[in-house]
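Taken in order, these protein sequences are the chains called A and B. Numbering follows numbering that gives the first Met the number 0, in which position 9 of the first sequence is assigned residue number 8; successive positions increment by one, without gaps. Numbering follows numbering that gives the first Met the number 0, in which position 260 of the second sequence is assigned residue number 259; successive positions increment by one, without gaps.
Treat the hints with care, as some may be off.
All copies of an identical chain are treated as equivalent in the list; a pair is satisfied when it fits inside any one copy or across any two copies.
[Said to hold, decoys possible] In silico DSS-like pairs for lysine-lysine, Cα to Cα no more than 30 Å straight-line:
no.	residue 1	residue 2
1	Lys259	Lys55
2	Lys160	Lys50
3	Lys68	Lys259
4	Lys229	Lys68
5	Lys68	Lys208
6	Lys93	Lys322
7	Lys343	Lys55
FYI, nobody ran anything at the bench for these hints, they're computed from the structure.
Protein chains: 2
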Amino acid sequence: MYIESPRYTERFGSVRMNHPQAVVALDSGMKSELPPYGAMGVMKVDEETIKHFENKMAIVIPIKDEKLKLFEGVISGVPHDCMIITVSNSQIEKIDRFRMEGDALNQICRYTSREALIIHQKDPAISEALAEAGYEDLLGEDGLVRDGKCAAMMIGMLMAKVAGKEYVGFVDADNYFPGAILEYVRNYAAGFSMAKSDYSMVRILWRYKPKLSAGLYFKKWGRVSEVTNKYMNSLISSKIGFETEVVRTGNAGEHAISMKLAETLPYAAGYAVEPQELISIFENFGGILPTRDRKAMEQGVDIFQIETRNPHLHEEKGDEHLKGMLLSALSTIYHSPLCDQDLKQAILSELTSQSIIKEGEEPPPLHITPAPKKMDIKKFVAAIKEDFNSYSALQ
Amino acid sequence: MYIESPRYTERFGSVRMNHPQAVVALDSGMKSELPPYGAMGVMKVDEETIKHFENKMAIVIPIKDEKLKLFEGVISGVPHDCMIITVSNSQIEKIDRFRMEGDALNQICRYTSREALIIHQKDPAISEALAEAGYEDLLGEDGLVRDGKCAAMMIGMLMAKVAGKEYVGFVDADNYFPGAILEYVRNYAAGFSMAKSDYSMVRILWRYKPKLSAGLYFKKWGRVSEVTNKYMNSLISSKIGFETEVVRTGNAGEHAISMKLAETLPYAAGYAVEPQELISIFENFGGILPTRDRKAMEQGVDIFQIETRNPHLHEEKGDEHLKGMLLSALSTIYHSPLCDQDLKQAILSELTSQSIIKEGEEPPPLHITPAPKKMDIKKFVAAIKEDFNSYSALQ
């Protein structure tokens, strides 16, 4: 593939946050040498490099009662060398949708001879292993893993760790275009190939997010993203003293993290999970608050924002969640120790003017799960190992 | 990629028409060997094989006043090793859209260091070269190349021949998903890799063609395609004496042809171009009518129909053209010397019941351009050579 070279990097303590880089062409062929156009701002990421990183990457697909046809399409788009880890919270009773998902995954993996796992979020073997490893933070009152996409992502991340993967990427199960999934994962690989540090993150910026109402309108910006990005940029600007517009992926659902970085981050529940990742990186490695991650501070943290060549077309889930998304995203900023009074005031004004909170209210505190590094991963591996094979899609 | 093995091949004289083969996964990675699942009906087409054929292929993009954003997306999806040949019939006066297309193509090709040509359908240099080569059949009354997608396709095919390409594929300029274009071309390559003969064709069958009205409805069948395929199958059934449903891509706009086969076929104008290709193959190589192509008869003609993994989402052009499409498609069958009285009667009933023709009328005769092999290609090459470089997008 061909992708824009990083044009400019904002530095914030040890964080190197790169301005968005657009994918210029999906394929870069075999016959061409590296073109002499590097200076012109576009670089080639060759097939071998992409495959090198795909081989070290697990792709986590959180799923909950999604249409099977969409799930099948998503699987068929994930590059073959990536391990697929499906974490399902779908219903088991009445209609066993979890089994259907397993059957669908199994069928495709059998025909294409590939690695995949599927686990149910409520599987007691998982919660028991977590308890043994001292990581009850992921468990609910019933002793099982909590509901929600954040918990599913974390389970996926831990399974990737168990499988020895160095990178973990996330894709949603409701994407209409297998070809877009293929591109997301290749973009993750391209991003990691540019990283100088073992602590890195790749976030996907959609070129367009078409709206289906009234034909097809190629919307550039989600309403929520625009506001989230604005306040994240204000947060950075207030600390570095220069205004910046570097953050364009505050809400990016499609993203990937190096395992080393993933282990150091706390994770917020609900819609706050993706914005909180950025905020946590700023807090931990921004050089303003104390950090315990000496190694990461030394190497730095590389963040890439890659603008896709494909538009993003997924199931329309209605608009009622948008306010919740915005509230969650702005809460991550509001409750950060990095957030000063002026910015807090601006966030409160934004939320009240949008009638999301009332005058005098504050965004509710976030439920945050501490970083996975606190757990005893060896105990987790030992506990889960017996069951690990049973999660294979190929049984 | 992983694709279903050819399940069953209908033989009709020297024609080997394969039942549709679905793409199972878009990528097949680097680390896996060929899996032992060939017997299970799925085969791996590896990256090197795909690139081998892409390198020998030109992709022709006929364009007429299409949205530039869509055209740019299409270019960015065509695999790098394929030569892009854009044949434009866009307006030049007032707003010079042809120049804009050239600029867009030039920009992407410069950044990605790739081969591309762009020609205007009405360029006098083309019509003069055709006249010198004794192929006035493509010219209109004004002495320039005729309007229409068929003429654009043929000009593209001839330029591919001049460039020494062995395969020529077609994609429309109005596709919303660069990732779908990437898949189409990879499917062409996969198809050609399965061919035993130098005379081969790959036709794309869309998995779904979503309708945008009322949200997104994943329609499996176009209304026109369904009827076209039915009567094409009747034509074959009446000759081989066994009923068949093998034809599923009678109207396939996305298709590719080996140059050797392309040169032997006549081409119908308008919407009839794609169905006529199949009819001409049946006429020339079906073993019923006499043929002059001894070599092709000996090697046989391989036709593959590949069902995409991506849905097909393109600009909605309204429904008024559907009747015209159906009339054109059924005309190709009706006017074929292979079509017997019973089938002619059935086609007349279909067209009158759909109010496309009136009782007692016949489908109008088709305008057919004779096979390119009649022209003196050496003279064409000599005449076009002077101007050839000026068509390069990289000037």
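**OP:** Would you list, in rising numerical order, the hints stated earlier that this structure does not obey?
**Re:** The structure breaks hints 3, 6, 7; every other hint is satisfied.
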